[in-house]
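Enquirer: In case you want the letters, here they are:
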Amino acid sequence: MRTSGIGTRYALYVAALALALVVVALVAAGFIALRQLRVVQADLREAVTAARAKDDERALDGAARYLGVHLFNPLYQLDVERLNEAIEQTRAWLPVVSFLVVDRDGLVLTDGTPANPGYGDGVEGPLPQDESAGPILVRRGSETEMRFRVAAGGVAAGWAIVALAEPPWQASLRRLEEKRTAELWSGHRTSLLSLGALVLVATLGLGLLTSLLLSRTLARPLTEMSRAAEKIASGNLDHPLTLDSPDELGDLARALNRMANDLRAHEEALRAERSDLAAKNAELERFNYTVSHDLKTPLVTIRGFAGLAGTDLVAGRNEAVRKDLGRIVAAADKMHRLLDDLLELSRIGRVVHPPEDVALGGLVREALELLKSQLERKSLAVEVAPDLPMVRADRRRLLEVLQNLIENAAKFTGTQRRPRIEIGWRMDGAERVFYVRDNGQGIEPRFLERVFGLFEKLDPGGEGTGVGLALVRRIVEAHGGRAWAESAGLGHGATLCFTLPAPAEAAAVAS
Amino acid sequence: MRVVSALCALALAGPARAAAPGAKAVTVRFGVIAEEPNEPDRMFTVYGPFVGRLRERLAPAGIGVGELVIASDLDDLSKRLVRKEVDFVLESVFPMLALRERSRSLEPVLLVVRRGQRAYRSVFFTRQESPIQKLADLRGRTLVLQALRSTSAFALPRAELARAGIPLVAADEAGVDSGSVRYVLALAEVNQAVWVLHGKGDAGAFNEGDWAALPEKIRARLRIFERSRPIERGLIAFRGSLEAPTRRKLEEVMLGLHQDEAGRAALTRASGVTRFERLTQVEKQAVLAWAPVLLPMNTR
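Protein sequence lines correspond, in order, to chains A and B. The working numbering numbers the first residue of the first sequence as 1 and each following residue consecutively. The working numbering numbers the first residue of the second sequence as 1 and each following residue consecutively.
I should point out that these hints are in silico values taken from the structure, not numbers from a laboratory. Even glycine gets a Cβ: it sits at the ideal position worked out from N, Cα and C. Treat the hints with care, as some may be off.
Stated by the list, open to error - For each label pair, taking beta carbons as the anchor points, the in silico distance ranges come out as: (1) ASP121(A) - GLU39(B): 48 to 58 Å; (2) LYS284(B) - GLY122(A): 50 to 60 Å; (3) LEU184(A) - GLU216(B): 46 to 56 Å; (4) GLY140(B) - GLY122(A): 30 to 40 Å; (5) GLN129(A) - GLU216(B): 24 to 34 Å; (6) SER72(B) - PRO117(A): 54 to 64 Å; (7) ASP121(A) - SER72(B): 36 to 46 Å; (8) VAL27(A) - ARG221(B): 55 to 65 Å.
Could you build all of it, start to finish, from the sequences and the hints given here?
Expert: Now the structure itself:
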């Protein structure tokens, strides 16, 4: 049992895709809104900063002038301890980030810390030299660096470089911006989560719907076809798929049905061939037995009379020797005829002449002409149906069939004083049945099939080798037809029938 | 010996804690000398927590601690001792001996351990590239010292120079011969070092703890060329006429100040005191023996 069908999987794909698209859209919308907000914030900040810049500069100028005087005495006296105290005190009223006191040589004297790591370092950048000049103000990010002279009475003891953190109003503005941005983003996030939850439910519903749809249109037919394929694989070919869909699934179902039908047909053909082969094997066994038996009989005769001939020759019985030799010759002739018939029989299976349209009436007349003397000798009356149809067959072989059947009827007239032969045809369903009927001695029902056996002779003393009717059946079957005997029993005459396919069917058989 | 003394003090402190009802209220006062320049706020900042802690610890014994007394100099403080306006002081050896001599009423009782040091030495230093290699090379040159009442950054260097037969005179004094060493006062140890580096003096002297505390970049440009004999780091001295029970209780409380967090914080604020230890008789004699060395006639 599968835990995840194709329908469920594709539904999940669709749901995930839809969800991802919506989330991306929401995030993008949030990003755009946030960016717009930042632009507005930047404009506001710029406007406020411009308005406050002059005030800031004035304040910083005042701070620089005060510190310039306040630091003069300790710097002039190189009183680092008092400078450090002054720096520490300055931190109480200015947002000092760093504070460097520089001596007259431009070297750092103290940074206000006990470790004083910058002591003796030169400072980079300009230092104000002119007494009347105000402090040099440099903006570095959010910090402002202020450089001013530490001087009194026109005498400079050195300089101070003070880095100040952003002024309180600027920090407040920034905090306000950050707060508002955070609130906006938080609100957007909440909206995003709400919408996300809504979208999740919607996409789950969509996924479920898609799953059902795909299950009906794709998964179920596929499952049915899978089961049908399994049945076909197990040999069960009698359950055709009923799916009638105009798409690829329908094509696949039809292909499966065709495959099942073809397999069934092939199986039936194989079964028929196997049955035919079994019959042929049986016939071959009988043939082997019959041939060996019937060929042995003349040989036994020859061997026996050859011995007698020798004895008679020694005894000087010339007449007896002549009779013995006559029997040996007769046996040899019989053996010769048997071998000729066998050769003919085997040839039927191997030699096939191209079929042609043959007027059966004309062919019957030709056969009667060939047997004319035999028929006249027995005073047989022959009646031929005037409407014998056209057939498509190997003309020579069909002539042999007619000859054999007529000859067979002529042989077994029995004690009939007015022997008669009737040659005609009838429709048996869709099948054309041709027949040669006599009013002769007839055949016992139990021998109706046996008469078609090779070398089978119901009358052992009768004429012929017993190959004739076997030959008839062989030729008819080679044409795709059947041959059989009908008789009400001894004294009631016999009818030997055969069928031939219609000309169109005959063409198919020939091909 | 010290343990025995402490046990005796504890035993004697018992009755003082349980002051008898109706007993006369006692208030003791701690006196200090203002730094230069005289800024009382600094002194209150430094010694206020110490006084407050003492007040808390002595109150159960019925002993009050008055407001910190800030004297302007040695002379002022000695007069206040005489007038019994001050009962105990915390000073280094030189000012304590000077006060003892002037007031004739001061007795060293406890040893002050500062920044983990029970005793220290003064170091003489100069610039790395200076030709000065020994004390004798200071003749005719200027020595940067801290303040006149400093032990390690004035009195002890002066004593070491005197021991080497080199007189020390103020730089602004007229008629200084080339065999003497002139001195200037920088008021702070870090200033002494900076002055030497900036050429306001040829060498300086302060204690080895101050040397270790110098900023690395400043210390790297200087070198030590002489060290003094060791001397006790500091002393707690009581006014000689302070009543014995009060003195014992005061001793007991001060000896235990470092044993709790608040006490340790107060001691640290008071110029880096680590703890107090009872001064043994031998140590007391050793301290007093510094008097003729550190107190030349003209400073007495």
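Enquirer: None of the hints should be skipped; say for each whether it holds.
Expert: We went through each hint and held it up to the structure:
Judged by the Cβ atoms, the range 48 to 58 Å given for ASP121(A) and GLU39(B) is violated: they are separated by roughly 31 Å. Between LYS284(B) and GLY122(A) the C-beta distance comes to about 53 Å, which sits within the given range of 50 to 60 Å. Separation of LEU184(A) from GLU216(B) is about 50 Å and conforms to the stated range, judged on CB atoms against 46 to 56 Å. Checked against the given bound of 30 to 40 Å, the beta carbons of GLY140(B) and GLY122(A), roughly 33 Å apart, stay inside it.
For GLN129(A) paired with GLU216(B), a C-beta distance near 32 Å keeps the hint of 24 to 34 Å intact. Take SER72(B) and PRO117(A): their Cβ atoms lie about 37 Å apart, and the range 54 to 64 Å is violated. Restraint check, ASP121(A) to SER72(B): a C-beta distance of roughly 39 Å satisfies the suggested window 36 to 46 Å. At roughly 60 Å, the beta-carbon separation of VAL27(A) and ARG221(B) lies within the given 55 to 65 Å, and the hint holds.
Hint violations for this structure: numbers 1, 6, all remaining hints satisfied.
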